[in-house]
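K.L.:
Spelled out from the first residue to the last, the chains are:
Number of protein chains: 2
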Amino acid sequence: MTDRGDIDVVGIGNALVDVLCHENEGFLLSHGLVKGTMQLINEAGARRLYEAMGPGVEMSGGSAANTIVGVASFGGRAHYVGKVRNDQLGDVFAHDLRSTGVEYDTPPATEGPPTGRCLIMVTPDAQRTMGTFLGASVSLSPDDIDADLIARGKILYLEGYLFDPPRAQDAFRVAASIAHERGRVVSLTLSDPFCVDRHRHAFLELVKGYVDVLFANEAEICSLYEVHDFDAALQHARQHCQIAALTRSARGSVIVGGDEVHVIDAHPIEALVDTTGAGDLYAAGFLFGLSRGLDLASCGRLGSVAAAEVISHVGARPQVPLAKLMDTALGSTR
Amino acid sequence: MTDRGDIDVVGIGNALVDVLCHENEGFLLSHGLVKGTMQLINEAGARRLYEAMGPGVEMSGGSAANTIVGVASFGGRAHYVGKVRNDQLGDVFAHDLRSTGVEYDTPPATEGPPTGRCLIMVTPDAQRTMGTFLGASVSLSPDDIDADLIARGKILYLEGYLFDPPRAQDAFRVAASIAHERGRVVSLTLSDPFCVDRHRHAFLELVKGYVDVLFANEAEICSLYEVHDFDAALQHARQHCQIAALTRSARGSVIVGGDEVHVIDAHPIEALVDTTGAGDLYAAGFLFGLSRGLDLASCGRLGSVAAAEVISHVGARPQVPLAKLMDTALGSTR
Numbered sequence: 001m002t003d004r005g006d007i008d009v010v011g012i013g014n015a016l017v018d019v020l021c022h023e024n025e026g027f028l029l030s031h032g033l034v035k036g037t038m039q040l041i042n043e044a045g046a047r048r049l050y051e052a053m054g055p056g057v058e059m060s061g062g063s064a065a066n067t068i069v070g071v072a073s074f075g076g077r078a079h080y081v082g083k084v085r086n087d088q089l090g091d092v093f094a095h096d097l098r099s100t101g102v103e104y105d106t107p108p109a110t111e112g113p114p115t116g117r118c119l120i121m122v123t124p125d126a127q128r129t130m131g132t133f134l135g136a137s138v139s140l141s142p143d144d145i146d147a148d149l150i151a152r153g154k155i156l157y158l159e160g161y162l163f164d165p166p167r168a169q170d171a172f173r174v175a176a177s178i179a180h181e182r183g184r185v186v187s188l189t190l191s192d193p194f195c196v197d198r199h200r201h202a203f204l205e206l207v208k209g210y211v212d213v214l215f216a217n218e219a220e221i222c223s224l225y226e227v228h229d230f231d232a233a234l235q236h237a238r239q240h241c242q243i244a245a246l247t248r249s250a251r252g253s254v255i256v257g258g259d260e261v262h263v264i265d266a267h268p269i270e271a272l273v274d275t276t277g278a279g280d281l282y283a284a285g286f287l288f289g290l291s292r293g294l295d296l297a298s299c300g301r302l303g304s305v306a307a308a309e310v311i312s313h314v315g316a317r318p319q320v321p322l323a324k325l326m327d328t329a330l331g332s333t334r
Numbered sequence: 001m002t003d004r005g006d007i008d009v010v011g012i013g014n015a016l017v018d019v020l021c022h023e024n025e026g027f028l029l030s031h032g033l034v035k036g037t038m039q040l041i042n043e044a045g046a047r048r049l050y051e052a053m054g055p056g057v058e059m060s061g062g063s064a065a066n067t068i069v070g071v072a073s074f075g076g077r078a079h080y081v082g083k084v085r086n087d088q089l090g091d092v093f094a095h096d097l098r099s100t101g102v103e104y105d106t107p108p109a110t111e112g113p114p115t116g117r118c119l120i121m122v123t124p125d126a127q128r129t130m131g132t133f134l135g136a137s138v139s140l141s142p143d144d145i146d147a148d149l150i151a152r153g154k155i156l157y158l159e160g161y162l163f164d165p166p167r168a169q170d171a172f173r174v175a176a177s178i179a180h181e182r183g184r185v186v187s188l189t190l191s192d193p194f195c196v197d198r199h200r201h202a203f204l205e206l207v208k209g210y211v212d213v214l215f216a217n218e219a220e221i222c223s224l225y226e227v228h229d230f231d232a233a234l235q236h237a238r239q240h241c242q243i244a245a246l247t248r249s250a251r252g253s254v255i256v257g258g259d260e261v262h263v264i265d266a267h268p269i270e271a272l273v274d275t276t277g278a279g280d281l282y283a284a285g286f287l288f289g290l291s292r293g294l295d296l297a298s299c300g301r302l303g304s305v306a307a308a309e310v311i312s313h314v315g316a317r318p319q320v321p322l323a324k325l326m327d328t329a330l331g332s333t334r
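Note that the protein sequences, when read in sequence, are chains A and B.
Under the working numbering, the first residue of the first sequence is numbered 1, with each subsequent residue one higher.
Under the working numbering, the first residue of the second sequence is numbered 1, with each subsequent residue one higher.
A couple of the hints might just be wrong.
[Said to hold, decoys possible] Computed far set for chain B versus chain A, every beta-carbon distance over 12 Å:
(1) Gln39
(2) Ser177
(3) Arg182
[To be verified] On the chain B side, residues computed to face chain A include the following (Cβ under 10 Å):
(4) Cys21
(5) Gly36
(6) Ala52
(7) Gln88
(8) Leu89
(9) Asp96
No lab work stands behind these hints: they were computed from the structure.
Even glycine gets a Cβ: it sits at the ideal position worked out from N, Cα and C.
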């Protein structure tokens, strides 16, 4: 029987299997892809892009799912909600979540499009560019939101990508309302600058009314406030967000909350291999710290060390137990 | 239209998708697996083992398929014959072959078991241990053997694993007969010491009657001749084989053919990461060299450099164009 107690983090997102390959920048250009961003593609577009891609490696992905795996890897109790189909890639997705200790019981779709996938091209500069076919994840609906589960999560974590499929957006709103009413922490990642462009008004409303912790990288927060300068975006975020954790790649992160401002350096790495999952794992460390009552600077340090681990290898999920890195991250403050 | 000219190497094998994960030796023990070997498992056994395994990475595999990809990576014209199902993993398998330049047109099965998979556990010593669910590959049959195609291949390459599924064994025999009658080179890898145990008599007959080039590692050649000492096996091989390329992991390889004997060192590597595919890629280099008329020692050096590349990373297929490594391999002899 499942333990009915509190869950550290409940995450909701588009359930995707990543297909990673190495391509050069000319490949991105010839397929109309903008480096560093995510572009939605339909099934035919996914087929065309896949046919043009070199040999790939398949690994479970999905932004919020990566984060939830990271929370579990730190030793947190973590639950994921997202929709696959009852097909081979759906089985792979569920296996990889459960085998890392994540609770996952969203019933797979038994009809409609196959399990969604994210075609990821890693360029020689280690940057990742994505073409996403949402597949079965579009069928996530409010019916998949268990009010009791959401109420048991200390923190609800939502990915901005959920706004793309209309029914998933409804599920997002239902879950956010429940968590908000129960006094739980509601957190959101803006996911992608193009995603922010598509849903700017809704995101601004959410940030004002519902979101307690906002995650965004520099391009995303600038897009949200339609400014071209990080500091300008920072001033907006200080006004509108309860807590905002703003990531800046190699330049580290800036965390604002009430009167607090923390500037956290990026955790040093030996070699940058693949940036896929950097933001997802930063959020994992931050949320795990928050669930354990750590101060904001410590949350940021846990985020940095988790991001550093994931960009040191190919793939968006940690390859070592993140719990082992906690002392490295927090040592100087203990 | 496909070019109807000669093909350097035509390979036939069990078409499998690899699922790789890292496990310790206790895991192998508790699942009755013998380190370094391949064990056949049925669909239920595969499900049990998969459920117990940690998160995995999916990559196209299959012993002969890895070899054929290696031949193409050296710049050879290479064709693969093997059976998947018309499912997601079957699509992945076909995509990964074709995107590396391999010709592949075996029609997928439209009924029966799903695409076969090989569950690979890599232990901390970088050794790989495999549980194989043959799946759709058991449906490869003599109907899939195109006599004209086999006749066009300068070298036919067969994996010993094909002897496990009965109809594939028939396909193996048909293809070997055609190539033999047309005066083409017939090559065979013994694949695995347990596989040799299961089919020793047939393999001995084949080696005497049909096989021009035999590939085996130390455990396999000792199993074939039921001896416990490499040198004893070597003496048998010199008597029975036209050409035998015997691999010995870090101790390099020994090649015998007629009066010739060559002892080739292993190519140096920076770090041993995962031995999966070492034998497959050794065969790739050797066969590519043979197809280009190189002497046996040079063939062995190409095998060594290809094996060194594939054991330096996770996964059984090369991650750099092997053609770029040819000068490194042959430099001292040119």
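K.L.:
Now look at each hint and say whether the structure bears it out.
P.N.:
For each hint, the structure was consulted:
{"no.": "1", "hint": "Gln39", "verdict": "20 Å, holds"}
{"no.": "2", "hint": "Ser177", "verdict": "33 Å, holds"}
{"no.": "3", "hint": "Arg182", "verdict": "32 Å, holds"}
{"no.": "4", "hint": "Cys21", "verdict": "8 Å, holds"}
{"no.": "5", "hint": "Gly36", "verdict": "23 Å, violated"}
{"no.": "6", "hint": "Ala52", "verdict": "8 Å, holds"}
{"no.": "7", "hint": "Gln88", "verdict": "4 Å, holds"}
{"no.": "8", "hint": "Leu89", "verdict": "5 Å, holds"}
{"no.": "9", "hint": "Asp96", "verdict": "4 Å, holds"}
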